[in-house]
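Novice: Sequences listed follow chains A and B, in order.
Take 0 as the starting number for the first sequence in numbering that gives the first Met the number 0 and just add one per residue.
Take 0 as the starting number for the second sequence in numbering that gives the first Met the number 0 and just add one per residue.
There is no bait here: all hints are sound.
Which copy? The list can't say, so a pair holds if one copy fits it or any two copies do.
Under the rule of at most 25 Å between Cα atoms (straight-line distance), these lysine to any residue pairs were calculated in the SDA-like manner:
#, residue 1, residue 2
1, LYS15, GLU211
2, LYS185, GLU211
3, LYS15, GLU209
4, LYS294, ILE348
5, LYS294, ILE265
6, LYS124, PRO112
7, LYS78, LYS124
8, LYS27, LEU171
9, LYS27, ILE163
10, LYS15, GLU4
11, LYS27, GLU166
12, LYS128, GLN20
13, LYS222, ASP261
14, LYS15, SER165
15, LYS128, TYR30
16, LYS73, ILE163
17, LYS222, TYR299
Source of the hints: derived by calculation from the structure; they are not laboratory data.
There are 2 protein chains.
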Amino acid sequence: MNNFEFYTPTHIYFGKGYADQIGSLIVKYGYHKPLLVYGGGSIKQSGLYNRVISALDAAGLSHAEIGGVEPNPKLALAKEGIRLCREEGCDVVLAVGGGSTIDTAKVIALGVPYEADVWDFWCGKSQPKTALRTVCILTIAAAGSEMSQSAVITNEEGSIKRGINSEFNRPLFSIMDPELTYTLPKYQIACGVVDIMMHTIERYMTRKSEVELTDRIAEALLKTMVHYGPIAYHEPQNYEARAEIMWASSLSHNDLTGCGKDYFTINHKLGHELSAVYGTAHGASLSIILPAWMKYVYKYNIARFAQFAVRVMGCEYDYANPEITALAGIDAVETFFHSLDMPVRLSDIGIPESDIPMLAARVTANGANTFETYIELTTKEIEEIFRLAY
Amino acid sequence: MNNFEFYTPTHIYFGKGYADQIGSLIVKYGYHKPLLVYGGGSIKQSGLYNRVISALDAAGLSHAEIGGVEPNPKLALAKEGIRLCREEGCDVVLAVGGGSTIDTAKVIALGVPYEADVWDFWCGKSQPKTALRTVCILTIAAAGSEMSQSAVITNEEGSIKRGINSEFNRPLFSIMDPELTYTLPKYQIACGVVDIMMHTIERYMTRKSEVELTDRIAEALLKTMVHYGPIAYHEPQNYEARAEIMWASSLSHNDLTGCGKDYFTINHKLGHELSAVYGTAHGASLSIILPAWMKYVYKYNIARFAQFAVRVMGCEYDYANPEITALAGIDAVETFFHSLDMPVRLSDIGIPESDIPMLAARVTANGANTFETYIELTTKEIEEIFRLAY
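This is chain A alone, in the form it adopts within the complex (with noise of 0.2 Å):
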């Protein structure tokens, strides 16, 4: 077992009727004015925004309020919040939305305090001292940053989609209401479930793989998914279905399934330029790189890759031949992903076989990194990872 560091201090109120309390538990928290960030406007059609600003209102706070947010979000959009936030003298940023949001949030809330390019932090050149205090209200469990520390954004200058992991960005609190997502189209909640996945599998499939615990846990998580993504996509109203998953969507992205362990990002890194450069949905650019990624390396660790299929997919164990066991285990997720009806090709989303040399040299900023997934992955391995998924 690695050693390793745990630390979840956001505190989660989990269930109906607590986005009512927004605005008691603002004014609990000590804060007085709030910058509501959101996304396209489905807050507003769906009542959300209302029962907020009344929220606010009961508790006598006054906001500020930037919507917008899409998804993929994008730099701009943040510096506008950043300079709305200044001039406004808003003291806490409050997220109403999924992913793209609350990571929006973070970076408004990373760059109030800093002087310079709020960008500087994601290329590198300053690291974070400190920042505004987040707060959520989540309607989308895919992205898990309503507990992580974990914030992403693309800058249009480039398309470059990055993401940094900064103690400041862990929220100081999360609301998590399951009938929120209600009304998310089934697209989405597909893709919430592979990202789900994905953040587990990614600390779960990886070299160290002695941390029995951290292992039953990472099953414990995807075996929910399995059995509860189908049937949130089929009955989105069954809250027992979208609470466990709105539930795992905070667990699989908050450092608990690694404890101890490594942990690989490499389907993010490939999965990232799908949507940086043709505004691929996050979670369908995963679903896409897994499939390929798994059959590209899991010969590296048979025993693992075996041990997923069974534990998770609930494959038969082939005492003769585990390697058939692993083989089955990557063709179930493939099955799984399409009874979910998201894409496993690039060819499923019309992307040309032709631009993959292209997307190989954008991940290894042409062929200045590798990355370390079982074997070190250069340009010329990530090009044959794109052509598996072709």
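Based on the hints, put chain B in the right spot on chain A.
Specialist: Just chain B, lined up with the frame of chain A:
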């Protein structure tokens, strides 16, 4: 799924060597003078005491100290600590030890800013409104106090052992180095395994059993204990085994394994009376009570007890008669405790059958209290459970 809050702000530093950073960590968190609390001197024999003092000295910290915490820790010593802490102007309480030492530190931390008798919090006369912070170096994997909001103390006047939950009880940070547990007597290793399993089972064996994710995480933890418990018992210096058990101790009692569910503490309540009256080790009191409680209540939720038998204890499911599976699971628990040389009967530790009515009356305060676990338990039913434990 029930609504729930989840809040685990304790920063965990897990692995080899962190104990030597105790001084610099206390400085990092902004404190100046710890009150060092420890037990019967085992940390002096093991050399840990000297390491801690060196680390405090190296960080330029002065300190005060109080040793002599016993298992089933006593209120009088905590009160002595409160007096000393005030007199010496300590601003943080540093526990170096197991659950008893950490709980004593928590009592001191609550008591220092409270002008009246600190026992008020345990007899329900008052609620904590503030406290000093506690920080920990854990040396025994068992109670989970290093990450929990609970603190249990015994008032010598009347031999009353009681616990309270308060957010002020959460340690600021805890250092967990599995190597520090190597010198623990084998009996205490086994007691710890029982305690950790008990925290989990009391959250798992409830009436509302619909939270698959929480259940599977609980099963992950229990299976890990069933696997690594005997390894740690027979090879005390097996790092991986001690590490798995140590991490399980925290996760078993930081509320993770109960999210969205009810929580029974009836086994702890019965066990506490054995400790209060006879000084029985906490883990031993639980290994006696749990099988008896299971035998008494399994029939009210056969499906759940059968699930436990199959998923945790590795029993074969009897499709024709699941009750057989449920009973096999209870047998397997007894056999497992036996394999760790733990007592499973009152008679194993010399408690006479004639004491049972007195013990049952203590649990319910002479009939003043009843407890819900599937069915309501009055003095009569609790006496029956004690008889099953005889």
